[in-house]
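Undergrad: Between the sequences and the hints, there should be enough to build the whole structure, so can you do that?
First to last, the sequence lines map onto chains A and B.
full-length UniProt numbering numbers the first residue of the first sequence as 1 and each following residue consecutively.
full-length UniProt numbering numbers the first residue of the second sequence as 1 and each following residue consecutively.
Keep in mind the hints are simulated off the structure, nothing from the lab.
Predicted, not measured: the structure shown is a model, and the values here were computed from it.
All C-beta atoms in this analysis are idealised placements derived from N, C-alpha and C, irrespective of residue type, glycine included.
Do not rely on the hints blindly, as some may be mistaken.
What the hints assert, rightly or not - Straight line, CA to CA, 30 Å or less: simulated BS3-like cross-link-like pairs of lysine-lysine: (1) A/Lys118 - B/Lys75; (2) A/Lys115 - B/Lys96; (3) A/Lys242 - B/Lys202; (4) B/Lys522 - A/Lys138; (5) B/Lys434 - B/Lys133; (6) A/Lys341 - A/Lys189; (7) A/Lys441 - A/Lys351; (8) B/Lys133 - A/Lys14; (9) A/Lys412 - A/Lys390; (10) A/Lys268 - B/Lys4; (11) A/Lys115 - B/Lys82; (12) B/Lys82 - A/Lys23; (13) A/Lys268 - B/Lys6.
Stated by the list, open to error - Footprint (simulated), chain B over chain A, 3 or more residues, beta carbon under 8 Å: (14) 62-68; (15) 267-278.
Spelled out, the chains give:
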Amino acid sequence: MEVDQPNEQSDASKWSGRWNHIKKVLERPSPFAHPDFEASSEILEFMQENCKLLVIGAGGLGCELLKDLTLNGFRHIHVIDMDIIDLSNLNRQFLFRQSDINKPKANVAAEFINKRVKGAQVVPHFCKIQDYDSAFYKQFHIVVCGLDSIIARRWINGMLISLLEYDDDGNLDQSSIIPLVDGGTEGFKGNARVILPGMTACIDCTLDLYPPQVTFPMCTVAHTPRQPEHCIEYVRMFGWEKEKPFGDIPIDGDNPEHITWICHAACKRADEYGIQGVTYRLTQGVIKRIIPAVASTNAVIAAACSTEIFKLATSCALPLNNYMVFNDVDGVYTYTFEAEKNDTCIACSQKPRNLTFAPKTLLRELIDHLCEDSTLQMKRPGITTTINGKNHTLYMKSIPSIEEATRPNLSKSLADLGLTDGQELIVADVTTPNAIVFRLKITESETKS
Amino acid sequence: MAEKEKKYDRQLRLWGDHGQRDLENASVCLINVTATGTETLKNLILPGIGSFTIVDGGRISGQDAGNNFFLDPEKIGEYKSKVAMELLQELNPDVKGEYVEEDVSQLLERTPQFFTGFSVVISGSLTLTVLKKLAALLWPHKVPLVVCLSYGFLGYIRIAVEEHAVIESHPDNAHEDLRLDDPIEDFVKFCDSIDLESLDKKDHSHTPYLIILFKYLQTWKNDHNGQVPNTWKEKKQFKAAILAGVRKNAEGVPEDEENYDEAAKHVNTAFVPNKIPPELKAILDDHKCLNITDSSSNFWILANGLRQFVQNEGCGFLPLRGSLPDMTSDSERYVKLQNIYQAKAAHDMQIVSNYVSQACSSLGCGNGRVSERDLKRFCRNAHFLRVLRTRSLEEEYKQPSKAVIDEFTSDSNSDALWYVLWRAVEMFYTTHGKYPGIEDEELEMDVSRMKSFVKDLMKSWGIPGAIEAVSDDSLQEICRCGAAEIHSVAAYMGGVAAQECIKLITGQYVPVSGAYIYNGLKSTSLTLAV
Ligand SMILES: [Zn+2]
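TA: This is how it looks when you write it as structure tokens:
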């Protein structure tokens, strides 16, 4: 390859040949491009001057995403993360060093990228995604998620859906669509997907792809432990509270003294039952619910997401339609498929979902259904409704005083609460930025929802 | 806990302390600095590879610095190997980095032994002559070669290794080794000591499903000439029989007994005979297993001991794995069952151990060669052993594998197409000294040149008609990208390639057997035994 001379221009972000690689695919036509694609140098200009991206998460995927996106030609990127850097991040979150421990991930990542990639203008936000409202999210062309939390994914999904605009005939205004690219990893497995809110399957449409967290049955932990995990869980649930080894403070999974104490107590319990295998590593794994992670999988999934963002922003190739899973345990395996939109999705179907219950159903049972149904999987739903033109809060967990006042309602039946067939229930939950409307169907028959 | 253990915690949960030790003792060499190459190294340095060496005689150009995170644009004109090494090493102080500012072809000429000391050699695209020479050098030294490159939206990885043995393949859905078809003596005794009828309510509902299954199986066999339930209909009847054993309360309503549900649920899997899988049978019948010498690897010496166990004491079965899945049970009976299974596993392992010791002493290579820990790991994983042998590059370039021909000619949508086109690109480069589509003015001409190279290739493969499967669109695309290395495609390939290197280094998990082709246009991929 020919050697270019360093350019004498004052702008350090401009040097001859810098964008040669991507210019090949942006400035030449291709049979595999989107039908709207018109090869030209204006595309790179758009990427650099106008296109604004939001990266959610500055962890394993986030660090990779910032590198991949800026080296692919994007400049204006915001990154949000509420976490600080921990020693155990350093085996994969390559923008962080030993000296960065305890600093905010978003800030350190942005600073590193802006220094290394000339012209990059990454703006960090050391906060929760819930701290911002629609006015903030509206400014982006594409949002990409590199998160390990399903709640946060669902929240941003709901936010982008709420930004959709429809005309009087109910037709979706295409310009109001902000594509959501989502990546996830666990050990040697990962997935990348492209969501066009309102058009293709959203996070909530495919909620059954994220199985609910596995928990140990209470009676096993309390009375019939068989595995080392059961013994650790016992100490977490009962031993810590009872013995208060470090005073009246909650368990800190990052505090070695806490883990060591739990480990010893769990060993003692395991010995009583003849159970083997309680170790420090396992104890910490159970207490912190640690998911194994390795640099390579994060690199692969973040790169797959970045390529999709590049395609979405430039149209130089068709975007993924719409879900890819990856696994490199045995050889390297990928599977690409089209996840289907769910007509009754609570986030994107625009139809109030029916909830069918018998009049004698208790409010508690209705709430359990909202949490346990695989297509709803809510966490702490709060319910309000209108009876005789007046607003009533049936139950709300998030505010202690209201929780106390509404707690007796939990054991009341729907009939006793004065709820009738066709009643609208407004449900708020951490999994969604906006309350969701359900229509209550009251019937004597046994069938649910 | 040591700082290092904390830093590597999330990966130690995948490959363990012994995998980490293997990684820290390994050294890799990267030939030629590309974005794909440095991304691969990055994903080896972060988890703590022992050392890396970069060989590249070239200097940084503007476009090199444009797509590579580890080439500083302020150092355009300086040696790539040096700059990349410095920026990569900065990622992890545990890792040692070196560089050689010399062209690979010169180094191959001058000191070929330089390359044969590495655990793995990683290479970007090289000219065919140099690549073949390098591959021919590494092959007899058993140093794995990993060729890895990105080309437009496409990516290609080729692993060449004469033999790679895997003890811990970590299968995702391993079938449990419960031996209901050949029950352990102590297990039978333990089952016989339990009378389900006379148990109180609590004990009845906490009897491990394994015991329930076994008891009902005895009854079934008595009624069916000693046969286990085989057909779908028989299994259904058997399930019904089990569920009829659920206790009923005073009103005649069945109690909630999860252990009986578990027993019924496992009817389909519990009676799958514990046969030796064909892949393992091939290992046990391999000439390296049959004919061990003092230069055999530990893997083959262990495999030889395993084979003798299967043929003699094992009566056709593998040593018992010894692990028990979790199941509804009181602690006491579960632990008792677990102890029975573990004791049998230890007993079987001792027999394998004796065979291995005998073999070692008769070969005169000493008893301490195979550690207890290795032996245990081997026996526990006996069912999942894997041996990988790829073709050499020499064979690959002499004639295509059957897998390539079959895949390419049977499915017109297969990504094997891109392997064919990559081979044509190499021919193009060999003839023209540059990649197709590099220059705008020759774009159209390069498309037709490429087509004729593909034709030649198909002819040499003996499938001239297969040219029909190569669309003009695909030729257009391969020329359009003009050998561009898109950073995100390079990062994808760098992630995959690094993990393949880690597999080769640790002997855990299973590497790709030959080639991996990534199609970023469609986000699909293919592994192909080239
Ligand atoms: Zn939806």
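Undergrad: So, for every hint listed, does it hold in this structure?
TA: We went through each hint and held it up to the structure:
Taken as a hint, the A/Lys118 and B/Lys75 pair is honoured in the structure, with Cα atoms around 13 Å apart against an allowance of 30 Å. For the given pair, A/Lys115 sits about 24 Å from B/Lys96 by alpha-carbon distance, which is consistent with the 30 Å threshold. At roughly 28 Å between alpha-carbon atoms, A/Lys242 and B/Lys202 fall within 30 Å of each other, so this suggested pair holds. Between B/Lys522 and A/Lys138 the CA atoms are separated by roughly 29 Å; this keeps the pair inside 30 Å, and the hint holds.
Between B/Lys434 and B/Lys133 the CA atoms are separated by roughly 20 Å; this keeps the pair inside 30 Å, and the hint holds. With a C-alpha separation of about 24 Å, the suggested pair A/Lys341 and A/Lys189 falls inside the 30 Å cut-off, and the hint holds. Only pairs whose Cα atoms come within 30 Å are accepted, and A/Lys441 paired with A/Lys351 is accepted, the gap being roughly 15 Å. For the suggested pair B/Lys133 and A/Lys14, the alpha carbons sit about 39 Å apart, so the restraint of at most 30 Å is broken.
This hinted pair checks out: A/Lys412 and A/Lys390 have alpha carbons roughly 19 Å apart, not beyond 30 Å. At most 30 Å may separate the alpha-carbon atoms for a hinted pair to count; A/Lys268 and B/Lys4 meet this at roughly 28 Å. For the given pair, A/Lys115 sits about 20 Å from B/Lys82 by alpha-carbon distance, which is consistent with the 30 Å threshold. Under the criterion of a C-alpha separation no larger than 30 Å, the hint pairing B/Lys82 with A/Lys23 is consistent with the structure, at around 27 Å.
Taking the CA atoms of A/Lys268 and B/Lys6, the gap is near 25 Å; set against the 30 Å cutoff, the hint holds. Only residues whose beta carbon comes within less than 8 Å of a beta carbon in chain B count, and the segment 62-68 of chain A has 3; three or more means the coverage holds. Note: the segment 267-278 of chain A has 3 residues with beta-carbon separation from chain B under 8 Å; the three-residue rule is met and the coverage holds.
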